[in-house]
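The lines below spell out each chain.
Number of protein chains: 2
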Amino acid sequence: MKIKYELLKTEKNTKARHGILHTNHGSYETPMFMPVGTLANVKTLVPEELKKEGSAVILSNTYHLWLRPGEDIVSKAGGLHKFMNYDGPILTDSGGFQVFSLAKPKDISEDGVKFKSHIDGSTLFLTPEKSIEIQNKLDSDIAMSFDECPPASASYKYMKNSIERTLRWAKRGKDAHNNENQSLFGIVQGGAYKDLREFSAKETVKLKFDGYSIGGVANDGESKEDMYNAIDYSIPFLPEDKPRYLMGVGEPIDILEGVERGVDMFDCVLPTRIARHGNAFTRSGKINLKNAKYKEDFTPIEDTCDCYTCKNYTKAYIRHLLTSKEQLSGRLLSIHNIRFLIKLTEDIRKAIDEDNFIEFKENFIKNYGVKNEK
Amino acid sequence: MKIKYELLKTEKNTKARHGILHTNHGSYETPMFMPVGTLANVKTLVPEELKKEGSAVILSNTYHLWLRPGEDIVSKAGGLHKFMNYDGPILTDSGGFQVFSLAKPKDISEDGVKFKSHIDGSTLFLTPEKSIEIQNKLDSDIAMSFDECPPASASYKYMKNSIERTLRWAKRGKDAHNNENQSLFGIVQGGAYKDLREFSAKETVKLKFDGYSIGGVANDGESKEDMYNAIDYSIPFLPEDKPRYLMGVGEPIDILEGVERGVDMFDCVLPTRIARHGNAFTRSGKINLKNAKYKEDFTPIEDTCDCYTCKNYTKAYIRHLLTSKEQLSGRLLSIHNIRFLIKLTEDIRKAIDEDNFIEFKENFIKNYGVKNEK
Numbered sequence: 007m008k009i010k011y012e013l014l015k016t017e018k019n020t021k022a023r024h025g026i027l028h029t030n031h032g033s034y035e036t037p038m039f040m041p042v043g044t045l046a047n048v049k050t051l052v053p054e055e056l057k058k059e060g061s062a063v064i065l066s067n068t069y070h071l072w073l074r075p076g077e078d079i080v081s082k083a084g085g086l087h088k089f090m091n092y093d094g095p096i097l098t099d100s101g102g103f104q105v106f107s108l109a110k111p112k113d114i115s116e117d118g119v120k121f122k123s124h125i126d127g128s129t130l131f132l133t134p135e136k137s138i139e140i141q142n143k144l145d146s147d148i149a150m151s152f153d154e155c156p157p158a159s160a161s162y163k164y165m166k167n168s169i170e171r172t173l174r175w176a177k178r179g180k181d182a183h184n185n186e187n188q189s190l191f192g193i194v195q196g197g198a199y200k201d202l203r204e205f206s207a208k209e210t211v212k213l214k215f216d217g218y219s220i221g222g223v224a225n226d227g228e229s230k231e232d233m234y235n236a237i238d239y240s241i242p243f244l245p246e247d248k249p250r251y252l253m254g255v256g257e258p259i260d261i262l263e264g265v266e267r268g269v270d271m272f273d274c275v276l277p278t279r280i281a282r283h284g285n286a287f288t289r290s291g292k293i294n295l296k297n298a299k300y301k302e303d304f305t306p307i308e309d310t311c312d313c314y315t316c317k318n319y320t321k322a323y324i325r326h327l328l329t330s331k332e333q334l335s336g337r338l339l340s341i342h343n344i345r346f347l348i349k350l351t352e353d354i355r356k357a358i359d360e361d362n363f364i365e366f367k368e369n370f371i372k373n374y375g376v377k378n379e380k
Numbered sequence: 007m008k009i010k011y012e013l014l015k016t017e018k019n020t021k022a023r024h025g026i027l028h029t030n031h032g033s034y035e036t037p038m039f040m041p042v043g044t045l046a047n048v049k050t051l052v053p054e055e056l057k058k059e060g061s062a063v064i065l066s067n068t069y070h071l072w073l074r075p076g077e078d079i080v081s082k083a084g085g086l087h088k089f090m091n092y093d094g095p096i097l098t099d100s101g102g103f104q105v106f107s108l109a110k111p112k113d114i115s116e117d118g119v120k121f122k123s124h125i126d127g128s129t130l131f132l133t134p135e136k137s138i139e140i141q142n143k144l145d146s147d148i149a150m151s152f153d154e155c156p157p158a159s160a161s162y163k164y165m166k167n168s169i170e171r172t173l174r175w176a177k178r179g180k181d182a183h184n185n186e187n188q189s190l191f192g193i194v195q196g197g198a199y200k201d202l203r204e205f206s207a208k209e210t211v212k213l214k215f216d217g218y219s220i221g222g223v224a225n226d227g228e229s230k231e232d233m234y235n236a237i238d239y240s241i242p243f244l245p246e247d248k249p250r251y252l253m254g255v256g257e258p259i260d261i262l263e264g265v266e267r268g269v270d271m272f273d274c275v276l277p278t279r280i281a282r283h284g285n286a287f288t289r290s291g292k293i294n295l296k297n298a299k300y301k302e303d304f305t306p307i308e309d310t311c312d313c314y315t316c317k318n319y320t321k322a323y324i325r326h327l328l329t330s331k332e333q334l335s336g337r338l339l340s341i342h343n344i345r346f347l348i349k350l351t352e353d354i355r356k357a358i359d360e361d362n363f364i365e366f367k368e369n370f371i372k373n374y375g376v377k378n379e380k
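Listed in order, the protein sequences are those of chains A and B.
Numbers given in the working numbering equal positions in the first sequence, counted from 1, plus 6.
Numbers given in the working numbering equal positions in the second sequence, counted from 1, plus 6.
Incorrect hints may have been included.
Heads up, the list lumps identical chains together, so a pair's fine if it works in one copy or across two of them.
Stated by the list, open to error - Derived lysine to any residue pairs resembling SDA-like cross-links, with alpha carbons at most 25 Å apart: (1) LYS82 <-> TYR314; (2) LYS331 <-> VAL275; (3) LYS58 <-> GLY94; (4) LYS82 <-> ASN318; (5) LYS58 <-> GLN333; (6) LYS299 <-> GLY76; (7) LYS377 <-> THR288; (8) LYS331 <-> ILE280; (9) LYS331 <-> HIS283; (10) LYS296 <-> SER81; (11) LYS136 <-> THR329.
Hint data in this document are derived by calculation from the structure and do not stem from the laboratory.
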C-alpha cells in the first residue's frame, strides 16, 4: 500500500496544516519531525527509545547504506525495518544530497553522477534507476527521487539546466520504481529563483508522485531568506492532498517558518549532531552542558521537558559524562534533543487546531533567542 | 543499615555457596557478577537496561570519581545513587588498585601514596582515611578498605611488609569510617605466598569487616594458577557469615573457579571493554562480530540468549554497526556480554541448589573452548 495523506485542518491565518500520514507502519500526525538514522540507526539510540519520545517516520540514507552494508544485505535481512528493528515508517533519501556534498570530485552527465566514495575513494556511478533500485531493496516506506542539489550560488543558467535534468531523472526513477509497498516522492529544486521553483514544482507534480519534497535549502551557503523564499515559491504549486517535506531542516525556528508556509515533514541530523558536542535545545535557546556553570546544577535540562533524560538526570551529571568523555552523554542529549523537536511539532499541531499559530510562533521565537551557548 | 549475608546452601561436593545479600537497595542472590560503572555509568548503558538484564550490585571507581567530578559534587547531588540514577546497590573500590595501576610514578609511605593524576599529571596524595572519606561521601552501599596491590612478581619480603602496612591501613580506614548506611570490606592480599595469604586473611578478619575481598589477583602478570591458589589460600580463614568478593575477575571460567572455591561476588570491566572491540561472549567462547563471516549472518549472537540484543538484533546488523563505527554496536554488545555473565551466575546458583556444580562447570568449560575469535 502507498502512503495516504489526510488533511485534518488548515490554520485560519496561515498555510499551516494539521494532517495524518497513513503508512504501512502506522498512522502519524503531521507536521512531523523525522530523526535521522543515517547508517540504519539513529546514533546511540534504539527504536524503543525513539518511539517512547514520540518518533514516527525516521530517515535513513541510501548513499550510506549502499556503501555499507550494501542494499543486498539489507534486503536479505528482510528489509530495513527488520534489519534495524524499527517497526515504524522509514523514509530513505535518494543519495543525491550525499553524492553532491560528501563525495568529491564528481562528474555529472545526463545518465547520472560519477564520483569517488568518501570511504575508500573508489569510483562509483549513481543513476536515477540505481537510486530507486537500492531504495526498492531497502524497502523503506517512502523513497525519494534522485536529484541534483546545486549550491545556492549556482547561476540561473546552471540551475535551469539542472532542474530540467532533475525532472528527466525524476521520470526515469518513477518508471524504474518497482515496490508496491513503497511510496515515491518527487523533489522540487530551483534554488532561490522564483520562476524556476514554480517550473520545477509544476513539472514535478505532473509526474504524479505520492508526495513532494522541497530540496536545495539545506546546503552550505543558503541564507534563511533563501530557504523561506524557496518554500514560498514552491508550495502554491503542490497539491493539497499530498504531504510536503522540507529536506534537511531541523532548526526549531525553521520548522516554525516551514509549517507556517504549509510544510508537513522535516528531518535533520541536528539533534544528534549537537548532542555529540554537548548541546541541548531548550525553550530559551541552545545551551552547552560542558559549560562550567552547570557543574553543580542538579536540575534537569528543562524542568518542563517530559523526555527520559529530563525525568532522570541532572545537568551536573550530563556535564560530568561530557567532561569524562563518556558516550552516554551523547545518548542522553540525543534523546532530549529529539524529544524537543518532536514536542515542538506536537505543540504546533495544537496551535493549528486552535487557530493561534502566529501567536504560538512569535512567543516561541521571542523566548528562543535568550540563550545561545556554543 | 549495614549489608547482611544470608547463606542459603553450600553445594555438597565443593565450597560453592548460594546466598542472599541484603542491602539498603534490595536483596540479591549470590554468586553475583557486578558490572563496572567506572565514572558513575556503566559505559553506554542506563540503569533500566542493567536491571532488565538482571544486574544487582554495580561497581564504581573511587579514584575516578575523586578526580571527576569530585566526591563533593556527588555528595551535593544526594550521593552516587541519585547522581547516576541507579536505585540498586553500589559498591565502590578504594582507589588503591587504580593508584597502583594507572597513576605512575608513585611514592608509598606509611601515611599513604603520593602519585600523579593520570589526567593532568598533578600530584595527589591518597591515604586510608581519605579513601574512606571519599567513599563515605559517595554514599555507596559497600566501601572497600584502602590497600596496596603489589604485583605478583613482588618478593616475599616486599609482600610481607606490604600486607602488614595494608593491615594498618585497614585499621585506620575502619576507624575513619563514618557512614552508618555504608558497609566496609577488608581486603586480603599476599600475592601467591600461602602463609602471607593466611596471615593477611586472619588479621583482616580480626578487624571485623562487613565482608572480605580477595585482592591482588587481577594485576598484569598473575597466572591463572596464582589466582586460584590465592583464593584457596585465603577462603578457609574467612567467616562463613560474610560475603567474599574476588576483585576484578570476570572471565567466565575464572568465575566458575572462584565459585567452586567459595567466592560470592565478582566484578570486571571485561564485558563492556571487549564489547568496544566487537567481541561477544558465547557458550562456545568469545566471538568477534567484525569477522567477515558474520556479514550475512541473520541470527542473534546466541539463539538461546534472553538478552535485549539477542531478542532484537542479528550478527549481521551488529557487524554493520561495528564496521561503520557506530557507537550503538558497543551498547548492544555490552548488554549481551553483561547478561551473559549474569546468566552464568544464575545457572551457577541453580547448579549449587541441585548439587551438581562440578558437572555444570565441566560441561561449561568443555564447550567454552571451541571458539576464541580475536
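Alpha-carbon proximity between LYS82 and TYR314, which holds within one copy, between copies, both or neither at 25 Å: between (34 Å within a copy, 22 Å between copies)
Same-copy or cross-copy closeness of LYS331 to ILE280 [CA-CA at most 25 Å]: both (15 Å within a copy, 18 Å between copies)
LYS299 and GLY76: within-copy, between-copy, both or neither at 25 Å Cα: Close across copies (15 Å), not inside one copy (45 Å); limit 25 Å.
Homo-oligomer pair classification [THR288, LYS377; C-alpha up to 25 Å]: within (9 Å within a copy, 50 Å between copies)
Identical-chain pair category, LYS58 with GLN333, by Cα at 25 Å: both (21 Å within a copy, 20 Å between copies)
LYS58 and GLY94: within-copy, between-copy, both or neither at 25 Å Cα: both (12 Å within a copy, 24 Å between copies)
LYS82 and ASN318: within-copy, between-copy, both or neither at 25 Å Cα: This pair counts as between: shortest inter-copy Cα distance 16 Å, intra-copy 39 Å.
Copy assignment of LYS296 with SER81, given that the CA separation must stay at most 25 Å: Classified as between; 20 Å across copies, 42 Å inside a copy.
Identical-chain pair category, LYS331 with HIS283, by Cα at 25 Å: both (10 Å within a copy, 18 Å between copies)
Status of VAL275 relative to LYS331 across identical chains (alpha carbons, at most 25 Å): So LYS331 and VAL275 pass the 25 Å test inside a copy (21 Å) and across (17 Å) alike.
Homo-oligomer pair classification [THR329, LYS136; C-alpha up to 25 Å]: between (44 Å within a copy, 24 Å between copies)
Going through the hint list in order, the structure satisfies each hint without exception.
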